[in-house]
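Asker: Given next are the chains, with one letter for each unit.
Number of protein chains: 2
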Amino acid sequence: MAKRIEIFDSTLRDGAQARGINYSLSDKIYMLGLLDSLGIDYIEAGNPASNPKERLFFEQAVRVSLKNAKLVAFGSTRRKNTDVKVDAGVKSLMDAGTDVVAVFGKAWDLHATDVIGTTLEENLCMIYDTVRYLKESGREVIFDAEHYFDGFKANSGYALDVVRTACRAGAGTIALCDTNGGTMPRELEEAIKAAMEAADVKWGIHVHNDSELAVANTILAVQLGTVHVQGTLLGYGERCGNARLSSIIPGLQLKLGYDCIGDHIKDLYHVAREAAEITNLPFDETLPYVGRNAFAHKGGMHIDGLCKAEGSFEHIEPSLVGNSREYLLSEVAGKSAMATKLEDEFPEVAKDKKKVGALMERLKDLENEGYSFEGAESSFRIFVMKELGLHKSKFSLVHFKVSDEPTHENTFGAYAVVKVNVNGENRMAAAEGNGPVNALDKALREALGQFFPELKSVTLTDYKVRVLDTNAATGAKVRVVIESSDGENYWHNMGVSTDVIEASLFALIDSIDHLLLCKKD
Amino acid sequence: MAKRIEIFDSTLRDGAQARGINYSLSDKIYMLGLLDSLGIDYIEAGNPASNPKERLFFEQAVRVSLKNAKLVAFGSTRRKNTDVKVDAGVKSLMDAGTDVVAVFGKAWDLHATDVIGTTLEENLCMIYDTVRYLKESGREVIFDAEHYFDGFKANSGYALDVVRTACRAGAGTIALCDTNGGTMPRELEEAIKAAMEAADVKWGIHVHNDSELAVANTILAVQLGTVHVQGTLLGYGERCGNARLSSIIPGLQLKLGYDCIGDHIKDLYHVAREAAEITNLPFDETLPYVGRNAFAHKGGMHIDGLCKAEGSFEHIEPSLVGNSREYLLSEVAGKSAMATKLEDEFPEVAKDKKKVGALMERLKDLENEGYSFEGAESSFRIFVMKELGLHKSKFSLVHFKVSDEPTHENTFGAYAVVKVNVNGENRMAAAEGNGPVNALDKALREALGQFFPELKSVTLTDYKVRVLDTNAATGAKVRVVIESSDGENYWHNMGVSTDVIEASLFALIDSIDHLLLCKKD
Chain V
10 MAKRIEIFDS TLRDGAQARG INYSLSDKIY MLGLLDSLGI DYIEAGNPAS
60 NPKERLFFEQ AVRVSLKNAK LVAFGSTRRK NTDVKVDAGV KSLMDAGTDV
110 VAVFGKAWDL HATDVIGTTL EENLCMIYDT VRYLKESGRE VIFDAEHYFD
160 GFKANSGYAL DVVRTACRAG AGTIALCDTN GGTMPRELEE AIKAAMEAAD
210 VKWGIHVHND SELAVANTIL AVQLGTVHVQ GTLLGYGERC GNARLSSIIP
260 GLQLKLGYDC IGDHIKDLYH VAREAAEITN LPFDETLPYV GRNAFAHKGG
310 MHIDGLCKAE GSFEHIEPSL VGNSREYLLS EVAGKSAMAT KLEDEFPEVA
360 KDKKKVGALM ERLKDLENEG YSFEGAESSF RIFVMKELGL HKSKFSLVHF
410 KVSDEPTHEN TFGAYAVVKV NVNGENRMAA AEGNGPVNAL DKALREALGQ
460 FFPELKSVTL TDYKVRVLDT NAATGAKVRV VIESSDGENY WHNMGVSTDV
510 IEASLFALID SIDHLLLCKK D
Chain U
10 MAKRIEIFDS TLRDGAQARG INYSLSDKIY MLGLLDSLGI DYIEAGNPAS
60 NPKERLFFEQ AVRVSLKNAK LVAFGSTRRK NTDVKVDAGV KSLMDAGTDV
110 VAVFGKAWDL HATDVIGTTL EENLCMIYDT VRYLKESGRE VIFDAEHYFD
160 GFKANSGYAL DVVRTACRAG AGTIALCDTN GGTMPRELEE AIKAAMEAAD
210 VKWGIHVHND SELAVANTIL AVQLGTVHVQ GTLLGYGERC GNARLSSIIP
260 GLQLKLGYDC IGDHIKDLYH VAREAAEITN LPFDETLPYV GRNAFAHKGG
310 MHIDGLCKAE GSFEHIEPSL VGNSREYLLS EVAGKSAMAT KLEDEFPEVA
360 KDKKKVGALM ERLKDLENEG YSFEGAESSF RIFVMKELGL HKSKFSLVHF
410 KVSDEPTHEN TFGAYAVVKV NVNGENRMAA AEGNGPVNAL DKALREALGQ
460 FFPELKSVTL TDYKVRVLDT NAATGAKVRV VIESSDGENY WHNMGVSTDV
510 IEASLFALID SIDHLLLCKK D
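Line order of the protein sequences matches chains V and U. Basically the numbering used here = 1-based index in the first sequence + 9. Basically the numbering used here = 1-based index in the second sequence + 9.
Same shape as in the complex, but just chain V (with noise of 0.2 Å):
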């Protein structure tokens, strides 16, 4: 049977220092649930003396039914020279009611004279008083060892005596830090190795990615024995991030025959997509595992490759994790990635080696214009549509005329005005907006909102210009990509102009005209 290892994710906790992170209240409930639902073991939510929202978080929070996850509270050791009984932080802790506590205390000695400015005798009993505390009142105690590595490398006896008092106070698991993320996998293995001689106890790993080594050095370390891994979902954290726990996970258990979160391995790549969503931050599609170009692939080559022989080009089958392969259409890619392409959607089409044939030189010149749909589905899917004679419009746009100049309010200079026809019908609609093209997109959901109500439910998420052949610099080409969505789907349309307005008008209409295709079937 596969060995076992706890997941402890801090992605409420840690994560929350990462720049541009602020949970609110009911983020944090609802990324508990959401981690919780993907077989966490822990989940650390945060420091309840630091601030009342997170007492009043763990108010609620120790109220929510988990079903795989143990809800933990995070805190320091006692102040130096302060009774653990009446110590502020420490009765914080206890406050909160979880049944699990995470404390951390200094392993390195500089931290304990310079930044606590303590003697190293008192450290000691700082760790020892709080860890015996929690753990007589019954708490289920893991302690962070801060510091632990380069601790180590200053003053390997030290770290040592540190690790050694936490074991004896009762900690049930001590987690190995590097907090300052700086430590190369050979001296990691040798600090490991020198703790788990010094104290007979259930090993923990938290490290950060300063190294960008965060993956392989937590994975060394369960390779050497640690069964407790501590690191955020998608890899959040103070300055470069925690360990990314996205990364880890299949790497243990699809790759080395550990069992982290069984079957729910199945649901990382959207738990992670909605992860991102609660946190407001844009995903990040490189990633390991759970970017959508993790399993993408553009070198014609390779895509070939893949055709003849699968897991050719692949670590992984990427319904292990949730995701899918997709192969990209660009200048590189051969005849075998369009028929793939057509295989789901136009399946008689990907058959018939002539209609593909035509379709890839009509793809060509269009990519020597400067289209590319490798980031744009819905507008490849409309560009076949139109090849095959299998597209109808159920709108046209008449006239547009767009204009900007500065008011006397020196703001809001550009409006649009556009005229479409639907059914025989002309309806003309004018709209402001903070640039051209913002004005033109509402001017065209006012009009054809008319005809389609279900207009009114949609909203451009993202927006990218690129511009081609950059030596014609003003006077060149610029290829619009827009993403749309209805709430619950997104789909990518472009448009390629020498004229970026034009182009960003080619992609709305192509943006709406898939909503309204789709909404037939």
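It should be emphasised that the hints constitute simulated quantities derived from the structure, not laboratory data.
Which copy is meant is left open, because identical chains are indistinguishable; a pair holds if it fits in one copy or across any two.
Straight-line Cα separation of at most 20 Å, PhoX-like style, residue types lysine-lysine; simulated pairs: (1) Lys62 with Lys373; (2) Lys401 with Lys428; (3) Lys486 with Lys451; (4) Lys486 with Lys473; (5) Lys94 with Lys144; (6) Lys403 with Lys428.
Since the structure of chain V is already known, use the hints to place chain U on it.
Answerer: Below, chain U alone, put in the same frame as chain V:
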């Protein structure tokens, strides 16, 4: 003396296989010079067999004089059952005219039989013939043993035969490739040791990041004796990307005592940013070493610790890579960076701490509004002059109006009218363009050209649009960066607005300002 490790960058070849990356010819030439300035040893810049654009690029690139780097053309071994002397791909590789070529061949039996569809023997012949022929033609040959690690797992004997064959044929360097990026460090170690026993050659490593282990695996390979490191500066590449040199170089050079790029390491931060700018991708600020967040501290305890003991919460001194420390709460950051920036052009100001501080505050405000002077040196200069009261523009823009609508002929829909004032005299001009920005640019030159004939020799050589805060889609701010040239010098300017036309206008005005102010000098 530190052991020297060769750095081989493939941003322009493997990097171009990443989703969303499309380099123009001038982008590639610019990137070539940029990477050379960082002290990179080899720059793999494309596959001349893939398309005519690539051939054209090599025609120009071989004429660029490089200070540190060797230009490398990339290609495949000859086709099966073909004489190497008439093979089209090998001929393209020769025609590229570079002193160094990188050739890849299959080291995984499955690929030889199922993807190429040949025998294991013929695959070895393809490798031998190609390496030998290129070597005898006077080229330095780097052999990429594609899929070496997967091949070693499947059929170690054959993978080692591939390596021996390339060595016997005269390859100067053999790079062992983890093409699918799925290899775990311990498997990597075993396979590298076996290769090193099988052949005596200069060893290289080439890994992808699909398991988030590319940096760790590369460092491990070097520790095992590999002296040639392949990757891409910012990790761009197919799927999850290639090994990120911006993380590997400091790891090797600052942590482990190897020498990669010598003193150029101080330029890492700025070169990384400029490379992202050329690529027109947003910079990931959480990147180790080169991200703005890498030494940005948010946690109160961390900031407090750093103030008490330097290095207590940092794994390296940020200035070693040209980065700087930032405290997100107290905002005392960046002064030294600003002073460094001023030293070249405004040495007296650089010495005045108060002025530097005031400029820093103003710069922070602008950065919060979306300005970024990385990549727009000329606008930075104008910004400083304006803040110091040294800037006196030779013209002002009184009014402008841009209009865009289809015409009867359905072409040239965009036109612009501008009114400028020079020394109290107003002058109007109008122009059509193939887009609104092009029209505005022409009208502006027309109006001002009557006063300043030198404007007529200026052309816009690059135009880039970056959407900031993509969540707001078409209502979001954009940053426009333009490159101008008078045939001899190039300069870069920037504008920010929610309105792409207005942002372009700001950049155009700055660009003209730059020319007229420089002329005075």
